[in-house]
Structures are given as structure tokens and as C-alpha cells.
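Enquirer: Chain by chain, the residues run as shown.
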Amino acid sequence: MPHWNPVPFAQQLLDLFAALLLLIVFAMLSQRRILTLIHLFALQGMILALSIADSAWLTHQPHLYYSAALTLGLKGVILPGLLRRLIGRLGVVWDVETLINIPTTMLLGIVLVIFAFNLALPIAHFSHTILRNTLGIALASVLLSFMMMITRNKAVPQVIGFLAMENGLFFAATSATYGMPMVVELGVALDVLVGMFIFGIFFFQIRDTFDSLDTRKMDHLGRD
Amino acid sequence: MSAWVWFFQLIQGVMALLLAPLLMGWMAYCRARFQHRRPSSLWQPLRQWIKLFHKEVVLAELASPLFRVTPYALFGILALTAGLVPMVLTDLPLSGAVDVIALAGLLSLARVILALAAMDVGTAFGSLGARREMLVAFLAEPALLMVIFASASLNASTSLSKMAATTLDRGFYLYPSLAFSGVAFLLVLLAENGRIPVDNPETHLELTMIHEAMILEYSGRHLALIEWANALKMLVYFSLGMVLFFPFGLSRGGSGWEIALSFIGFIIKLLIFGVALAILETVSAKQRLFRVPEYLGGAFLLAVLAILLHDLLGT
Numbered sequence: 001m002p003h004w005n006p007v008p009f010a011q012q013l014l015d016l017f018a019a020l021l022l023l024i025v026f027a028m029l030s031q032r033r034i035l036t037l038i039h040l041f042a043l044q045g046m047i048l049a050l051s052i053a054d055s056a057w058l059t060h061q062p063h064l065y066y067s068a069a070l071t072l073g074l075k076g077v078i079l080p081g082l083l084r085r086l087i088g089r090l091g092v093v094w095d096v097e098t099l100i101n102i103p104t105t106m107l108l109g110i111v112l113v114i115f116a117f118n119l120a121l122p123i124a125h126f127s128h129t130i131l132r133n134t135l136g137i138a139l140a141s142v143l144l145s146f147m148m149m150i151t152r153n154k155a156v157p158q159v160i161g162f163l164a165m166e167n168g169l170f171f172a173a174t175s176a177t178y179g180m181p182m183v184v185e186l187g188v189a190l191d192v193l194v195g196m197f198i199f200g201i202f203f204f205q206i207r208d209t210f211d212s213l214d215t216r217k218m219d220h221l222g223r224d
Numbered sequence: 001m002s003a004w005v006w007f008f009q010l011i012q013g014v015m016a017l018l019l020a021p022l023l024m025g026w027m028a029y030c031r032a033r034f035q036h037r038r039p040s041s042l043w044q045p046l047r048q049w050i051k052l053f054h055k056e057v058v059l060a061e062l063a064s065p066l067f068r069v070t071p072y073a074l075f076g077i078l079a080l081t082a083g084l085v086p087m088v089l090t091d092l093p094l095s096g097a098v099d100v101i102a103l104a105g106l107l108s109l110a111r112v113i114l115a116l117a118a119m120d121v122g123t124a125f126g127s128l129g130a131r132r133e134m135l136v137a138f139l140a141e142p143a144l145l146m147v148i149f150a151s152a153s154l155n156a157s158t159s160l161s162k163m164a165a166t167t168l169d170r171g172f173y174l175y176p177s178l179a180f181s182g183v184a185f186l187l188v189l190l191a192e193n194g195r196i197p198v199d200n201p202e203t204h205l206e207l208t209m210i211h212e213a214m215i216l217e218y219s220g221r222h223l224a225l226i227e228w229a230n231a232l233k234m235l236v237y238f239s240l241g242m243v244l245f246f247p248f249g250l251s252r253g254g255s256g257w258e259i260a261l262s263f264i265g266f267i268i269k270l271l272i273f274g275v276a277l278a279i280l281e282t283v284s285a286k287q288r289l290f291r292v293p294e295y296l297g298g299a300f301l302l303a304v305l306a307i308l309l310h311d312l313l314g315t
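So the protein sequences, as listed, match chains A and B.
Residue 150 in my numbering sits at position 150 of the first sequence, with consecutive numbering throughout.
Residue 257 in my numbering sits at position 257 of the second sequence, with consecutive numbering throughout.
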């Protein structure tokens, strides 16, 4: 008989959401199409919002509800909408990107996950929040999004990787400390939104200068 | 008491033999419905096999005994595995004999025999199909084993009866690791049974076929036995998935009513599964063969993640 101690259903649900976040990052890592990538990003935002709302319910912290609503609005709806309009304007909706061998990326991803889990284990022992188990997952999704930024060579997926990394960090903040103060959260949300606008302008600049959104072409900046 | 239990073992074996063609018929029926075609009868696979049993067997001149023995061996192995997986009762006398890892071994034994037989006659299609089958198999097997390990570490046993009983004792519990390995298992199930993202069971298109290419040389009762074995494999995979991920409804013996209820539950699960699979096959397209490593690599990844998550989140 394995020993297991029953935990409340909300906690089980939270673990499930955390696992789903990790799964979505892996799906993003293996995705070639930009439009699907944006849909995955929207899904990630929604699950993040659900998990924050769940932890708000679990820990009776009403301010986390605002945080969840903010996440849902910004990362589940507004940012994906902006991104979709952007790629429509840029004409890269059906763009398919060539990646380095996907199975290799996946195996590297597993190594990263093991690394992150081991890294989070000692930290989790110091933490006394009930969400501490999910810290490893948050860390893993940050690292995986970072890897996604490195392995991509088009500008839009790199930005999506960046936003996904922000999602991971946000999740880490919620799981380690029950969320940041409201001012900080609002500030971060605004930063992300402004960042998104700047990225949007950058996309057009990059395309006008290099006739492509492929960032590898930026290597030849000085030669013309 | 013991005679009673063996009687149930026998009943389950017979039930599996009869349910397998009906499952195939049901899946074909659902698929036809979703694709707006007029469905054939549920009994169609069974009818077809009966027709095949009445036809004569045509053998190639160079066929070795292996080629002739294979259909019987295949059918025997899969009928045996169908008796090993708990379908209605958790505790069957035979299921103590073989744990889930040995079960995976039996399934791969069946596959190797079929691949050898396909290469035996020496036609181009046979060896082509066999090679493709082995490609799929060697990628799917580690993923299947990882799925099994994830469930086994959760239930602290590799015996299917014990795993089902532990899960039943625990009651309904959301495990992220189980969700992951469940998806991985579904991917493996589709690949191993030659369903749509990997192989299309309905065509004989030489560019894409895997399973059909292997059995192209078979005719008459041999063909019927192989197809029947294939249907049994589907049923075995389905009930394996049910035991690993959703054993609720399985009966632990007790009264006759409970067993009857469990049987009805099993049929309902089977029907739902058929509909789900038909939807999946209708909305997805067959992949190129060279995409299969990616697909099964994904399954492997999910299963490994399931084990890691089990370690991290624990119980």
C-alpha cells in the first residue's frame, strides 16, 4: 500500500493546473505554426488565471482574485488579440518556421525540467506556503520558455517565448509568496502591455530594414 | 469458490472474443456517421470474418511454416492477453500470473512474429510494412513502458489487479501525473493499433499503409484470424487504459448484481471510447511517416514528465 495523505480537491486542481502549464510550454516548444503558438499562449494565460483564482480560494486571499481577473483579461484576451492582429498585419499568419530537430529540443526540455525540479526542491523546503510544490513547475516553465526564445529564429515566436516566460515568473511569484502586492502586479501588467506595443513597432521596423522577421539576418547589420 | 473464479475467467475470455469485433464495428459505425456516410452494420466485421473462414487459403509457394503458423500464434497470444487484463472483475486467476510489464512483452512478441511472417514470403510490400511497423514499435514501446512505470509508481505495484484495487480504494483523485500519462497512453494506443495519425486502417495505399502491407499476402481463415487478433489488441489496449486510468466501475467480486453492473459499466465505457476515437479520427489527418518519431517522441516525453511530476508533487 503506498502511503498517501488526502488533500483538498482545490489543491489537487491546483497541481493539475500547474502540470497543464508545463504541458503547454512543451507544446509551444514543439509548435511550428505561429497562429497555433498564439492560441497556446492564450490558453496558458487562461490556465494561469484559473490557477491564481484557485489559490485565492484555497488560501482565502481576496486580492488574488483581482490578480486572476487581471491575468485573464491581459494575458488570456488582450495580448493574444494584439499578437493576432500583428501577425495579420505582418502577413505571417500561416508562417511555418523551421526549427532545430524537435525531438532533440524535447529531450533537452526534459533535462531542463529535471534540473529545475531538483533546484526547486531545497527552496520548497524553506517555504511554508501550501503551493510550494508548484515552484519547481514554475521554474521549469521559465527555463523552457527561455529555451524557446533561444531556439527560435523569427521575431514573433521569440516575443511569445518572452511573454510565456513572464507567465512562468508570475506563476512562480504566486506559488512562492501568495502573490505580490497589488501595485507591483499592476506595474508588471502595464509593463508587459507597453512592452507588447514596443515589440509591435519593432516588428515593423525589423521587417522594413531586413525584408524579413528572421533575426538571424541581423548578424549582417554592419556590412551593407 | 475457486471453480467459480475460473468460470469467470472463461466468461471474460469468451466475452472479449465476441466484444472485439463488435468494438471494431462500433468504431466503424461512429466514424461513418461523423463523416456523413451511411454506416454499415455493427456485425459487419464478424460477418466478414465468417465469410473469410469459408474461403480457401492461398499460400505462396515459398511460404515457410512460420508464415502458416503466425495467424494462430498471433490469435493465441492476443486471446491470452485479453484474458489477463481485468475487464469486469479486478481479480482474475490468470492476472496474477503476468504483470503489466510482461503484458507489454507479450504484445511485442505478437508484433515481432507478425513482422517476421510479413518478411517471410519476400514480397516488397511485406518487408516494407514490417520495417515500418518495427519503426513505430520501437518508438512506441519505451513510451508505453514509461506510462506503465508512472502508474506503477503511483500504485506501488505492477500487477494489474493490485493497481486497479489500489485506485479503487483511493477513490476519485486528480493526479497531474496520471493526466499526462493518460494522454501519452492515448498516443501510444493510436500508434500501436494503426489508427489515423500513424496508419489508416481503411486504405490500401502503398505509400502510407503499415499494417495492411504486412498482411497483404494472407487470405482466407488466416486473414480472418489476424484481423480478429488485431481487434482483440484494440480491446486489450482499451481495457489496459481503463485499468490504469479509470478503473471505477470494476467489480471486486461480490454479488452477481455487482458483477452485472460492472459488465454494463464496461460496455458503456467501450461505447464512449468508440465515439471518442471516431471523433479523434475524423478531425485529425494522417501524418507523414517521418513525422511519426516526433509524434511518439511526444508521447515518450509526456510519460517521462508524468513520472517527474509524480516525484515532485508526490502523494
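Simulated from the structure, these hints should not be mistaken for lab results.
Note that the coordinates shown come from a computational prediction; the quantities given were computed from them, not determined experimentally.
Glycine included, every Cβ here is placed at the ideal spot set by N, Cα and C.
Hints should not be assumed to be uniformly reliable.
Now the in silico label distances, taken between C-beta atoms and shown as ranges [as the list claims (entries may be wrong)]:
no., chain 1, residue 1, chain 2, residue 2, range
1, B, A63, A, L108, 43 to 51 Å
2, A, N153, B, L42, 46 to 54 Å
3, A, R84, B, P93, 56 to 64 Å
4, A, V77, B, R33, 54 to 62 Å
5, A, W57, B, S41, 48 to 56 Å
Enquirer: If a hint holds in the structure, say so; if it doesn't, say that too.
Expert: Verification of the supplied hints:
1. Taking 43 to 51 Å as the suggested C-beta distance range, the pair B:A63 and A:L108 conforms, at roughly 47 Å.
2. Between A:N153 and B:L42 the Cβ separation comes to about 52 Å, which falls inside the hinted range of 46 to 54 Å.
3. Between A:R84 and B:P93 the C-beta distance comes to about 59 Å, which sits within the given range of 56 to 64 Å.
4. A C-beta distance of roughly 36 Å is found between A:V77 and B:R33, which places it outside the suggested range of 54 to 62 Å.
5. For the pair A:W57 and B:S41, the supplied restraint of 48 to 56 Å holds, since their beta-carbon distance comes to about 51 Å.
Of the numbered hints listed earlier, the single one contradicted by the structure is hint 4.
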